[in-house]
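There are 2 protein chains.
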Amino acid sequence: MKLEQVLKALDEDLPNALDRLLGFLRIPSISTDPAHKGDVRKAAEWLRDELASLGFDVAVRDTPGHPMVVAHSQKGSARPLLFYGHYDVQPVDPLSLWEFDPFDAQIADTPNGPVIRARGSSDDKGQLMTFVEAFRAWKAVHGELPSDLVLLLEGEEESGSPSLQPFMRENADELRASLAMICDTELYSDGRPAIVTQLRGLVGEEVIIRAADRDLHSGMYGGVAANPIMVLAEALAALKDENGRVVLEGFYDGVEDLSNQKRADWESLGFDVADYLGRIGLQNPIGEKGRTPLEMMWNQPTAEINGITGGYTGDGFKTVLPAEARAKVSFRLTGKQDPAKVRAAFRAHIARFLPADCSVEFHEHGGSPASVMDTADPAYTSVRAALSDEWGREAAFIGSGGSIPIAGDFKHILGMDSVLVGFAHDDDRIHSPNEKYDVESFAKGSRSWARIVAALR
Amino acid sequence: MKLEQVLKALDEDLPNALDRLLGFLRIPSISTDPAHKGDVRKAAEWLRDELASLGFDVAVRDTPGHPMVVAHSQKGSARPLLFYGHYDVQPVDPLSLWEFDPFDAQIADTPNGPVIRARGSSDDKGQLMTFVEAFRAWKAVHGELPSDLVLLLEGEEESGSPSLQPFMRENADELRASLAMICDTELYSDGRPAIVTQLRGLVGEEVIIRAADRDLHSGMYGGVAANPIMVLAEALAALKDENGRVVLEGFYDGVEDLSNQKRADWESLGFDVADYLGRIGLQNPIGEKGRTPLEMMWNQPTAEINGITGGYTGDGFKTVLPAEARAKVSFRLTGKQDPAKVRAAFRAHIARFLPADCSVEFHEHGGSPASVMDTADPAYTSVRAALSDEWGREAAFIGSGGSIPIAGDFKHILGMDSVLVGFAHDDDRIHSPNEKYDVESFAKGSRSWARIVAALR
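Chains as they are written, first to last, in UniProt numbering: chain A, 1 to 457; chain B, 1 to 457.
Any given hint could turn out to be false.
Using 30 angstroms as the maximum straight-line C-alpha spacing, the simulated DSSO-like pairs for lysine-lysine come out as follows [stated by the list, open to error]: (1) B:K240 to A:K240; (2) A:K336 to A:K411; (3) B:K444 to B:K2; (4) A:K8 to A:K444; (5) B:K240 to B:K289; (6) B:K341 to B:K289; (7) B:K289 to A:K240; (8) A:K2 to A:K139; (9) A:K289 to B:K240.
Only part of the chain A face toward chain B is listed, based on derived beta-carbon distances under 8 angstroms [stated by the list, open to error]: (10) M220; (11) G222; (12) A226; (13) E234; (14) P355.
These aren't lab readings, by the way, just hints derived from the structure by calculation.
As the structure is a prediction and not an experimental result, all values here were calculated from the model.
Ideal Cβ positions, reconstructed from N, Cα and C, are used throughout, including at glycine.
Produce the entire structure from the sequences given, and follow the hints as far as they go.
See below:
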């Protein structure tokens, strides 16, 4: 049987596949940092060359931001399958907390087996390469690629994907498929394979509050001049009430309570919040009373301060009343919450805290609604069976607290559903120092895609 | 008359005195930045060499931090006068806001007359050199220095003076004088000469709040894991009530209402808050209802956030739940407020906002009570007359919102009162980019000290 041959080819080629991945990971494609613009393009070109060598019709496609890589195995296929991944990575600061060079990718042995160590190893270069390697093995066995593949590989996922929607709109006919496969998610926490059937949306905002036209001496002006850090702290502290509920006007419009089916599914996962938090040095879940931790993470919206800065932050002390203070704030959205309304409510909230002498400036950093999949589609059953075969355990339908806005974009712009399958572990430290990806995730992930492609043909 | 000759000598030597000051200002003696430790010592040695050339018995005296420069015109004088200044300067960030190199000191012509441009030109190297130049001219005319001078020149004033109290205790007999002259203050805002008769104290604190043992992905953990920035914002926002009153327990213990005499003195100054704030781009004084702006700045305590940082603060956006957040917070104290009690109350306040999973660390950055002088001392009358003669206007008794802790230390450790006289202007931008000192301040300041030394002999 051909599938068995493909799986065998993957196993035999694993050392070479790992070498290819390490080379890819050594390109520091940090999309949010303008200094790495050239590296992001270099990563796109690396993918182009790899895919061209497999026989894909592939190009690096320019956008106003970082480029897209688009590849076809056969243009004009009747019911193509689209595969999505992103080749950009998160910033690495604070660099001092890394135990290894984030861009000198290496394989390391650990008590839990070999791991790939590098920024982007898990999110998302390692995951993206699982389907590329599956296609390589497929071609080696079948003599040609599966006929119905479209690959869309993005370089702006970690910086809000500003070019994605325009690109999808401009190239809708080329990109439209019967189904989108998105490889940017995790195994369930105990290593059980999983399909994510709902994702939170995201609204990102930067707020800058300004007062005097220069930094002031707090001895000379303290007591009469407005302090932007204090104004910002007051406005941000007031985002939540004493029960942890977000107080923005209309914030919970569209948030939906869990269905009984999902509640039962999620309860059956045996989620252990003490273990989940214990692995990051915490013990006590915050969040609203009466809601389970999974509900808080997957089905409830959040307001978080992701960064704040103002005044003197160096060594020692400086008694300054600063001219400005800044914060980066994000909201995770669920159900049918409207990103535009949440953004407007946030801006109105901040404005209410501004004293007469302060001004405020906002910058938008991405906005997308939550995605909730229709799991009645038979493709879900096929993918679930393929995953269950590979991992020897029944694949779970789960939620995710993260935001993969492209799932919503695929639905709204291209009219197609998404199947979210990934092989990361929740200890992969994505977005944190010391990111890793298990070699097992990479190897069995590649095998999983071979099975899924076979099952969906 | 010898005084007239001294004043004439000062006028004639002004170009040389300015050259000396420019050389002194070119030493970047930033005491709060460990990278400039060598420069701080270099500034101390520059002063030692200058004073030695005038005939002072002078030495650079090591401390656990930056050195002191101590000089005597005659050891064992019966009723010495002590002169204090500091040769360290504030940091210069943000450097991008400077219109000139902060350490390439220059004289520049402006519509308001010539100014000395450099970090430290006003605070405090330029002021310190006013009395050094007065002594130089005195010696040129009299053939010898005044017999009763002690100079104490510090290199840690901008970083909390950690070595000052121990040094004063260890050298109390050598430093004790009949009166301390402190040159680190301003003219009144309209250019009227002034003697500061009360100063606010200062408590500086750095607070670090930590939660998870690493930075987290806000998609994976947002909703269940504590966010240290939010905890910090909530605790800091709650420092003041809706009327601007600081809520720390016992905070106002020891704060004293203005005497009728002071209230009348201060009202007679004709302080124009609209003008004062207008020059820094503000219009509306914050502060408690029913208190005048001068009262808020000089006679009321404050709580200010001087710096805050946490999470991702670079370009773009990063949806991180950070492991820690930090703030630098200071309190200006008045009357008999106890710095130790204020510090303890602040720490207790922060602790009350800590969720179970967060820890807190505090660092102390200086603490000193307010200083309120006894202006019945006849020396105040002599100094006031000398200043009034030089400037052609009656010198004012004023307050100051800043903190010159050494005035309190002189009182508590050495049992002597201080006379605070300085020649800075409130547009000198001390602690801010583009610091300057008027050449008039320098020239008439030097002449003022010659008159004061003559009057107090």
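Checked hints:
1. Only pairs whose Cα atoms come within 30 angstroms are accepted, and K240 of chain B paired with K240 of chain A is accepted, the gap being roughly 18 angstroms.
2. A distance of roughly 14 angstroms separates the Cα atoms of K336 of chain A and K411 of chain A; the hinted pair therefore holds under the 30 angstroms criterion.
3. Among the hinted pairs, K444 of chain B with K2 of chain B is consistent with the structure: their alpha-carbon atoms are about 17 angstroms apart, no more than 30 angstroms.
4. About 12 angstroms separates the Cα atoms of K8 of chain A and K444 of chain A, which keeps this hinted pair within 30 angstroms; it holds.
5. Annotation: proposed proximity of K240 of chain B to K289 of chain B holds, straight-line Cα distance about 14 angstroms (limit 30 angstroms).
6. Of the supplied pair hints, the one linking K341 of chain B and K289 of chain B holds, its CA atoms being roughly 26 angstroms apart against a limit of 30 angstroms.
7. About 28 angstroms separates the Cα atoms of K289 of chain B and K240 of chain A, which keeps this hinted pair within 30 angstroms; it holds.
8. A distance of roughly 11 angstroms separates the Cα atoms of K2 of chain A and K139 of chain A; the hinted pair therefore holds under the 30 angstroms criterion.
9. Distance check on the hinted pair: K289 of chain A and K240 of chain B sit about 28 angstroms apart at the alpha-carbon level, within 30 angstroms; holds.
10. Using the Cβ-Cβ criterion of 8 angstroms, the hint placing M220 of chain A at the interface with chain B is satisfied: the shortest such distance is roughly 6 angstroms.
11. For G222 of chain A, the shortest C-beta to C-beta distance to chain B is roughly 4 angstroms, which falls under 8 angstroms, so the interface hint holds.
12. Interface hint status for A226 of chain A: upheld, as the beta-carbon distance to the closest one in chain B is roughly 5 angstroms, under 8 angstroms.
13. Because the closest C-beta pair between E234 of chain A and chain B is about 4 angstroms apart, less than 8 angstroms, the hint holds.
14. Because the smallest distance between the Cβ of P355 of chain A and any Cβ of chain B comes to about 6 angstroms, under 8 angstroms, the interface hint for this residue holds.
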